[in-house]
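Engineer: Required output: the full structure, derived from the provided sequences and hints.
When you number the sequence shown by the working numbering, it's gap-free, plus one each residue, and the end is 589.
Keep in mind the hints are simulated off the structure, nothing from the lab. Positions of the beta carbon are idealized from the N, C-alpha and C atoms, including for glycine. Treat the hints loosely; a few may be bogus.
In silico lysine-lysine, DSS-like type, Cα no more than 30 Å apart, as pairs [claimed, not checked]:
id, residue 1, residue 2
1, K512, K417
2, K120, K152
3, K336, K227
4, K407, K257
5, K120, K47
6, K542, K512
7, K369, K512
8, K512, K152
9, K463, K542
10, K407, K369
11, K542, K257
12, K407, K417
13, K417, K152
14, K227, K152
15, K369, K47
16, K257, K227
17, K417, K369
18, K489, K512
19, K336, K257
20, K257, K47
21, K120, K45
22, K120, K489
23, K539, K512
24, K407, K227
25, K463, K407
Per label pair, the in silico range of CB-to-CB distance [what the hints assert, rightly or not]:
id, residue 1, residue 2, range
26, N510, S191, 47 to 55 Å
27, N510, N149, 18 to 26 Å
28, D146, R586, 41 to 49 Å
29, G143, G455, 41 to 49 Å
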Amino acid sequence: MRRSYVGQPIVERNVMSTSTMSRTAASQSVMSGTSAGRKRRNAAKPKGRQLNDAALAEVRRLLGDRERRRDLLIEFLHLIQDEFHCLHASHIRALAEEMRLSQVEIYEVASFYDHFDVVKEGESAPAPLTIRVCDSVTCMCMGAGDLLNELKASVDPNDIRVVPAPCMGGCDVAPAARVGDREVGHATAASVLAMIEAGDTAPNRPDYVALDAYRAEGGYRVWEQVKSGALSVETVIEQLSDAGLRGLGGAGFPTGKKWGFVRAYPGPRLMTINGDEGEPGTFKDRYYLERNPHAMFDGALIAAHCVEAERIYLYMRDEYPAVLNILRHEIAALEKAGLCTPGFFELRRGAGAYICGEESAMIESIEGKRGLPRHRPPYIAEVGLFGRPTLNNNVETLYWVPSILEKGPQWFADQGKEGHPGMRSWSVSGRVNNPGVVVAHAGVTVSELIEQCGGMQNGHTFKAYLPGGASGGILPASHGDVPLDFGGKLAELGAFVGSHAIVIFSDQDNIKDVALNLLDFFTHESCGQCTPCRGGTEKMGKLLRREGALDEEAIRDLEQVMRDASICGLGQAAPNPVNHLLTYFREDL
1 MRRSYVGQPI VERNVMSTST MSRTAASQSV MSGTSAGRKR RNAAKPKGRQ LNDAALAEVR
61 RLLGDRERRR DLLIEFLHLI QDEFHCLHAS HIRALAEEMR LSQVEIYEVA SFYDHFDVVK
121 EGESAPAPLT IRVCDSVTCM CMGAGDLLNE LKASVDPNDI RVVPAPCMGG CDVAPAARVG
181 DREVGHATAA SVLAMIEAGD TAPNRPDYVA LDAYRAEGGY RVWEQVKSGA LSVETVIEQL
241 SDAGLRGLGG AGFPTGKKWG FVRAYPGPRL MTINGDEGEP GTFKDRYYLE RNPHAMFDGA
301 LIAAHCVEAE RIYLYMRDEY PAVLNILRHE IAALEKAGLC TPGFFELRRG AGAYICGEES
361 AMIESIEGKR GLPRHRPPYI AEVGLFGRPT LNNNVETLYW VPSILEKGPQ WFADQGKEGH
421 PGMRSWSVSG RVNNPGVVVA HAGVTVSELI EQCGGMQNGH TFKAYLPGGA SGGILPASHG
481 DVPLDFGGKL AELGAFVGSH AIVIFSDQDN IKDVALNLLD FFTHESCGQC TPCRGGTEKM
541 GKLLRREGAL DEEAIRDLEQ VMRDASICGL GQAAPNPVNH LLTYFREDL
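Structural biologist: Below, the structure is given as structure tokens:
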């Protein structure tokens, strides 16, 4: 006799339970072949999906002599997707065999990212060519919905797949589309179909300042001074702090302070560059990388030296095929010129997941996992990539580093308004005459940015704007003179500047439609890890779409839960557009 967990005696009997007897009977029935409708399994074969020798050979050919490292899983999935336009179950099985991973480990990663198409046995593969039409907020205003419908009606779905897609960073040329790997601005059905007819589906690499031209203009001169010790690490960090340079990917943390924090933790250390600018309305990083990529590389080498990082992982979004082409070419040029050792810059390709713009989710993705944000603390400055102290910087932040060290911190600080040091790159799109990247002082107002973009389009009156992409809220034109910067008056209004993405709306735009577009984006991009975000974004969309009077009490209650209980900034900021819709734009309800 033994004791139960609560101290009551349990009498052991040599008797099968009812459920055990049922299972045994069922098993015997199958073994005897008497179970109706069930085939007897061939005992000579192992259970589960069998390894296909041809698929294994194909996977081995694609992987070549690359190390079968776990952190390269997403890169390997890209190789297969690029070759076969999908991920067949047989290839997932073969990749699992080759990497000594379970199939579920591969599947959970592949199914997490939008740019991977998993095809199970018996399912049809997608068409060989995919057209993606951006349905983000600026493109929505510029007719993306009509473009999507017209293209679907104009192609054979067996040959061409037409799908909506989140922001592609082409807001300045909205509506934006992508035909295969060719990015298309000001897209029309006629222009897209003409490109397909001509076979123009490869990346179109723009003209840019390559390595030799950059060095001829004095590029990497400051880096040489830092490397030689002529410019000390302490001086570099001090000058960046005096300049007021902040992280320009969204959070705005002081750059010098961040470098100092990472340097203070015991090595070995690593560095990451976050090029996953997926915030709707943002395209400034793409702008710089397509024109002058070595300013970022220059700043990155300085940063890595200052924190003694052993390697730099450059995470770039898959939505920028031309940028990826440039980066591969210029990394090879840096290695050939001896400015860095082979492998010091390791380019990693995103796979269509907005959440990987969050630094800890990006690190999970670099490690070959699903992009799930980590709980903090510890922060990545202490426990980051592969468990090491990690410095993470945005593309534009690094872009300014060489200029600040060459011209002095005061030069940069003086570019801003009083109390707002430095200059910023603003992605301006929407109802303005000349959308694009505007380099202007920190603390600029949206009214000033509209003027610098040639004013409002003819027939449009300024009504509202996004001060910081989808996450930053929606403010009315009456707040058009609020200084745009981290904190301050903007924060008092429940908004923030974030990635410096400014989208302008006019009297011809319904702000409820805008808020729903942004909310649908957050619903689609939620990683699903926490219930307040996963369920909250979907529920808030349903509440806004409900017929009749809005249940504002339920909306406000849900908003508070999402802000208080979501793991990361996505769920915490997702209610911002709805909050401002109810506060400032009740006439559009």
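Engineer: Would you mind marking each hint as holding or not holding in the structure?
Structural biologist: Taking the hints in turn, this is what the structure says about them:
1. K512 <-> K417: 34 Å, violated
2. K120 <-> K152: With a Cα-Cα distance of about 25 Å, the restraint between K120 and K152 holds, given a limit of 30 Å.
3. K336 <-> K227: Satisfied, since the Cα-Cα distance of roughly 18 Å is no more than 30 Å.
4. K407 <-> K257: 20 Å, holds
5. K120 <-> K47: Satisfied, since the Cα-Cα distance of roughly 17 Å is no more than 30 Å.
6. K542 <-> K512: 13 Å, holds
7. K369 <-> K512: Violated, at about 36 Å.
8. K512 <-> K152: Judged against 30 Å, a Cα distance of about 27 Å means the pair holds.
9. K463 <-> K542: Between K463 and K542 the Cα gap is close to 26 Å, so the pair holds against 30 Å.
10. K407 <-> K369: Violated: K407 and K369 sit about 41 Å apart, past 30 Å.
11. K542 <-> K257: The given pair, whose Cα atoms are some 43 Å apart, is violated under the 30 Å limit.
12. K407 <-> K417: 19 Å, holds
13. K417 <-> K152: 49 Å, violated
14. K227 <-> K152: Judged against 30 Å, a Cα distance of about 55 Å means the pair is violated.
15. K369 <-> K47: Between K369 and K47 the Cα gap is close to 26 Å, so the pair holds against 30 Å.
16. K257 <-> K227: 20 Å, holds
17. K417 <-> K369: Judged against 30 Å, a Cα distance of about 43 Å means the pair is violated.
18. K489 <-> K512: 24 Å, holds
19. K336 <-> K257: 33 Å, violated
20. K257 <-> K47: 55 Å, violated
21. K120 <-> K45: 20 Å, holds
22. K120 <-> K489: 53 Å, violated
23. K539 <-> K512: The given pair, whose Cα atoms are some 16 Å apart, holds under the 30 Å limit.
24. K407 <-> K227: 18 Å, holds
25. K463 <-> K407: 40 Å, violated
26. N510 <-> S191: 47 to 55 Å: 28 Å, violated
27. N510 <-> N149: 18 to 26 Å: 19 Å, holds
28. D146 <-> R586: 41 to 49 Å: 29 Å, violated
29. G143 <-> G455: 41 to 49 Å: 21 Å, violated
In summary, the numbered hints that this structure violates are 1, 7, 10, 11, 13, 14, 17, 19, 20, 22, 25, 26, 28 and 29.
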